[in-house]
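Peer 1: Take the given structure of chain A and dock chain B to it, following the hints.
There are 2 protein chains.
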Amino acid sequence: MRDVARAAGVSQTTVSFVINDVPDAHIAQATRERVWAAVERLGYRPNAIARGLRRDTTDTIGFVSDAVATTPFAGQMIQGAQDAAWEQGKLLLLVNTGGDPAVEARALATLVDRRVDGIVYATMYHRVVTPSRQLREVTAVLLDAEAADGSLPSVVPDEESAAFTATSIMLGAGHQRIGFLNSADASPAASGRLAGYRRALEARVVPFDESIVRSCRAVQGGGYDAARALIGVEDPPTALLCFNDQIAMGAYQALLERNLKIPGDFAVVGFDDHELIAPCLRPGLSTVALPHYEMGWWAVEHLLELIEGSMPDRRTPVVQHRMRCPYVARQSV
Amino acid sequence: MRDVARAAGVSQTTVSFVINDVPDAHIAQATRERVWAAVERLGYRPNAIARGLRRDTTDTIGFVSDAVATTPFAGQMIQGAQDAAWEQGKLLLLVNTGGDPAVEARALATLVDRRVDGIVYATMYHRVVTPSRQLREVTAVLLDAEAADGSLPSVVPDEESAAFTATSIMLGAGHQRIGFLNSADASPAASGRLAGYRRALEARVVPFDESIVRSCRAVQGGGYDAARALIGVEDPPTALLCFNDQIAMGAYQALLERNLKIPGDFAVVGFDDHELIAPCLRPGLSTVALPHYEMGWWAVEHLLELIEGSMPDRRTPVVQHRMRCPYVARQSV
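As given, the protein sequences belong to chains A and B, one line each in that order.
For the first sequence, my numbering gives the first residue as 22, with consecutive numbering after it.
For the second sequence, my numbering gives the first residue as 22, with consecutive numbering after it.
Bound conformation, chain A alone (with noise of 0.2 Å):
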């Protein structure tokens, strides 16, 4: 740090505020870059400072998220997180953002200010997301999100794989005609189970139809609407593999109107595995259990092996962790 103030021109103090961007530090714009500069030029790792300013550890992590503690969907995420850290001594913070993006600024400069060990980021769901510089100079792991330029470590599921595993559940059970409802919103796990359902007819050699695979609202109302439809097409489909289990949710309420028994005369498999969907329907929804426990477990443990490990070699690759789903076979298949 010696080095970097003096290369810049400032006082190890200035360093210190501007690398933990300390509010409320009055530090002009133009210092702040010539201390960037002088980090940059000197090939330091942000990491590495961000540490050797930290007299000590804190035992607290920062877990910050877009939504995930006020959306009914990944809070297992957040207790993963917790146990992993409880078991080694450790106290999570929480910050929900609501994804704005001045206060998840704020958010990361109070964490940072409060000497937290380092910092868990996660999203709602899988999203590909461009890290913050304030994130980059911090030891941080991504949760349930991936950086564009693969810059951060980070733990997402493999939509690709679980996608594959259900196609396949189906098929094996003597489905050759597999509808899939999609989520309308483009993301990772959209295009990635499309790939996994896809990869899975091929491996059979049944032909890949796309008059029966329907994009809708992921929520129970969109599933509702587009099973009717696909029940009404020429030749449906004797199966239906569902985006999320809320899709799975509108689709039992179509096939059920129609006096369609499930898995009868529709085998029907969700994602999600969520508490309040799949064990309770009737019958009880087979689907893909998304892994956000495990996820929150290992994104924990992966940043305080990264925060007590020694400095890392600049060649070592940074960790990206594609979680397997399990499949949670109940009586709709």
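Please note: incorrect hints may appear among the correct ones.
[To be verified] From chain B, some residues computed to sit far from chain A (all C-beta separations above 12 Å):
#1 R53
#2 A59
#3 T92
#4 R154
#5 G171
#6 A216
#7 T259
#8 R303
#9 G317
#10 H323
#11 V339
#12 R343
#13 A350
[To be verified] Interface residues of chain B toward chain A, partial, derived using beta-carbon atoms under 10 Å:
#14 A88
#15 W107
#16 L113
[What the hints assert, rightly or not] Reference listing, derived: stretches of chain A covered by chain B, where coverage requires no fewer than 3 residues with Cβ under 8 Å from a Cβ of chain B:
#17 83–96
#18 109–117
#19 124–134
#20 262–274
#21 290–298
Keep in mind that the hints were calculated from the coordinates and are not lab data.
All residues carry an ideal CB built from backbone N, CA and C; glycine is no exception.
Peer 2: Just chain B now, kept in the frame of chain A:
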């Protein structure tokens, strides 16, 4: 604080450490007790002391909960608290304790150590709690929880008036025999809703019949079994008040399996207005919304009033707020 230090025969730093319960401060139990005795003898309000210790505001609020962030039920309390905090430029730091008293103690110490301006203490469902001494030593508001001794301000749903309204609406729709599927777990919600149900019957001079009031597990499977049993009794009800939307979901399944029409043959009302259940059932479930968002907002707003207001007069009553629960009409009555 100087007076307390002098009366206890210790340094002001020791008083500060004891009052903030700073971890690893290595202060003998006897000394701690002497400090607290002096605090009480001198009639200090711990809140005021805590405020005095604070050099300035940190613009952060602690949000400590058992499992609000990890379960899919009350996340909107966090959303409301967060929005109210942000509106006043405050950041919410969340810690989820899983209900573990040791973790809670550590969480409170960590947040006080990081000089949060105050703490919202939330439970995932309406509970009566005994606040720890740590909590009583800071400015705190209880959210969806009440202090057994009324020592802290709190906001909870008005369970009784909510059940009174829901029952009255079914009576107004012509139902005279209204069953009640209550939760088997004793709680302010279970007792309050039963009281409101009874009061509504009394108000219309409809006899209370214990045989159509059942307790069950407050999940879909519990509601399914209890509803099946109630349908089979002699002189069955024509309407069901359900403790929550999950029980109502199970009741729907039991009714539809017997080809009973909702609302033609049976009216059903739930509690929660859970986004994954109430609007997703067919027909849409009429239900009582728990004002999670509004309670979260209120808790932070009240906390900030307490922090920013002058030191409250000792005679100022501690506010215990019961919040109205709006009835959400859909198609099930």
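Peer 1: Hints first: check each against the structure and report whether it holds.
Peer 2: Outcome of the hint check:
| no. | hint | verdict |
| --- | --- | --- |
| 1 | R53 | 22 Å, holds |
| 2 | A59 | 31 Å, holds |
| 3 | T92 | 6 Å, violated |
| 4 | R154 | 19 Å, holds |
| 5 | G171 | 29 Å, holds |
| 6 | A216 | 28 Å, holds |
| 7 | T259 | 23 Å, holds |
| 8 | R303 | 5 Å, violated |
| 9 | G317 | 10 Å, violated |
| 10 | H323 | 20 Å, holds |
| 11 | V339 | 28 Å, holds |
| 12 | R343 | 24 Å, holds |
| 13 | A350 | 18 Å, holds |
| 14 | A88 | 8 Å, holds |
| 15 | W107 | 7 Å, holds |
| 16 | L113 | 7 Å, holds |
| 17 | 83–96 | holds (count 7) |
| 18 | 109–117 | holds (count 6) |
| 19 | 124–134 | holds (count 4) |
| 20 | 262–274 | holds (count 4) |
| 21 | 290–298 | holds (count 4) |
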